[in-house]
Amino acid sequence: MTEFDWTAVTNNLPFLMQGLFLTFQLTILAMVGGILLGTVLAILRLSAPAPVPQLIAGYVNGLRAMPLILVIFWFYLLVPLALGRPVGAFPSALIAFTLFEAAYYSEIIRAGIQGVARGQLQAALASGLSYAQAMRYIVLPQAFRAMLPILLTQSIILFQDTSLVYVVGLRDFLTAANIVASRDQRPVEMYLFIAAVYLVLCAGGSFAVRRLQRRLAR
Amino acid sequence: MNYNWNWGILFREPYLGFLITGVITTIQLALIAWVVAFVLGSVLGVMRTLPSRIASSIAAVYVEVFRGIPLLVWFFLWFFVVPELLPREWGRWLKRDLPDPEFWTAVVALGLYTACRVAEQVRAGIQAIPRGQTMAGQAGGLSQAQIYRYILLPLAYRRIVPVLTSEFMTIFKNSSLALTIGVLELTAQARQIESFTFQGFEAFTAATVLYLVITLTVTVIMRQVEARTRIPGLLGQKGG
Amino acid sequence: MIEMHEVDKWYGTHNVLKRCTTHVAKGEVVVVCGPSGSGKSTLIKTVNGLEPFQGGRITVDGQAVTTSGRDLTRLRARIGMVFQSFELYPHMTVLDNVCLAQTVVLKRPRSEAEAKTEALLRRVGMIDHARKHPGQLSGGQQQRVAIARALAMDPIAMLFDEPTSALDPEMINEVLDVMTELALEGMTMMVVTHEMGFARRVAHRVVFMDDGQIVEDRSKDAFFDHPETDRAQLFLSKILHH
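Protein chains in written order, with my numbering: chain A, -13 to 204; chain B, 3 to 242; chain C, 49 to 290.
No wet-lab data here; the hints were simulated from the structure. Here a beta-carbon is modelled for each residue, glycine too, at the ideal position from N, C-alpha and C. Any given hint could be a false lead.
Claimed, not checked - Cβ pair distances, simulated, as ranges: (1) A:30 with C:105: 28 to 38 Å; (2) C:69 with A:103: 30 to 40 Å; (3) C:75 with B:134: 52 to 62 Å.
All chains, full assembly: derive it from the sequences and hints.
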């Protein structure tokens, strides 16, 4: 057993917080992008003419069959090639996460839309609303309210998943800790510290989601 | 876009061998970790439904702690932290004498993490069974253990086959995280081929296709399991 | 006003509407009745294109009902519809429920829409509940709001799809009273209902359906006093002796 020495943590707190900030940045941007794209995919899959729904199903199921790490590697390789110039790890990771999470969000949103009673869509159409207006004013508001807890839970998973940017060297919370751990030779304290921070944030988040769920259920 | 295609590289040694050992390692890692996850997850899931306060709290804390920390952090905890916290001899055995320490650490990390997810599914499966089933068992003179063994678990497992399928597929995907501690599974081998040959497209395409094949195979096998275990006429099952 | 000519509808190989022909003249009230599963709800939903149909022709005010497109949307805005399960929007207040299509479809200014809404809610006796959400109302109250919502579009005709079937018995009359008043004012109405008392009092004609077919289509008195077919006689004897 080694003696604990937490000074490595306290001395490097600003550096670690920068990493945590990047983690949050990546989470929030990918969440917003993923939900927007996921909504579009879900609506098209439910209402567009063939072959659009089939193509979207292929996209969604294909990405869901792949490990996230491989997706991150793919985009780390593809994005600079597609743009014809090198970009940082952040844009390629953000694109990877947005497209990957959109596949998961779209399945949640599709179930949410299908969960809104069919009569609601009929009533909206009967009053002269177009399909798009019926979605915008009637179906989506109800669907999002019902899905909110699941979307938030998925976003907590996304928050944890962003730690995988470690494999392309992007300085998120985990990578920052990893850099300090190997420089200061204090891996034990370092990893215990970030594990504790992740645990507090995620357990707190899922506690809040459960409370929200109970409030919505009433 | 200038790129020199060379699909032939995938079928040339040593790269073909890289892919083959990668697939084998991925499958071994996922299957062994799944056994750990399934057994431990079932025990924890049952514990959460027991009347004993202590048993259910222990299981609840386990689930909360494992779910609250990213899997990649768990890999680092098991690989870098745990050997240091153990008594010196144990730590040394882990680091020096254990054959293939990276692989077995990955099994532990992946298995214990997935156990918390299996536990939640097993708990939900048991809690979805109407109380009358337990009462009928009690009325018939069965002990608590017998009620779980003969009534609750067989019903719960059948009910959760679809979600277990998805967890089972997730463990194959999650096994790719083992590359961070040096396990040469499929994604790591694809990465290795890329860095040796700069043929990233071909290497990642091969890995993607192989993962799709694994996923499809798992889906087909689990459909069989689902069909075999279906109870005729039971509500809540498709086509039952 | 509403003309249906040889309307045919299939669900796969199942023929749910078989060459249905009928009409509703301006100012006329037509009650559609028949045993459950006879296709009457499907029939009324083809009038505003909520249910697509494969054969025949439907026109409303001279305009053909298509299966989709802008013309259909515009036509729907002119036809009011009331559903069996109310279908008020649960996430909006009563006021917003009635205002929505007025502002979004007819582009009425909000103040004008609200004034119209208040007048209609007063008329159906729901003005005191304007700020509530549908979940806080009884079934009868919800259905009265749904009628106000349809009337807010100044419809040229109203479709009622079993408007009282989901209601507790004590609430049926409050809804039927509103409908009766509407009929006496000369609204063109097509009503799917089992309320034979309402049909006797208010309807001009009765359409009797069975197994996807229009079996009888006659004046109210002729239908109730001398039903022609055995099926209609059987139906009436069952429903009147309850």
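A quick look at each hint next to the structure:
1. A:30 with C:105: 28 to 38 Å: holds, 32 Å
2. C:69 with A:103: 30 to 40 Å: Holds - the Cβ-Cβ distance for residue 69 of chain C and residue 103 of chain A, about 32 Å, lies within 30 to 40 Å.
3. C:75 with B:134: 52 to 62 Å: holds, 59 Å
Hint compliance for this structure: every hint is met.
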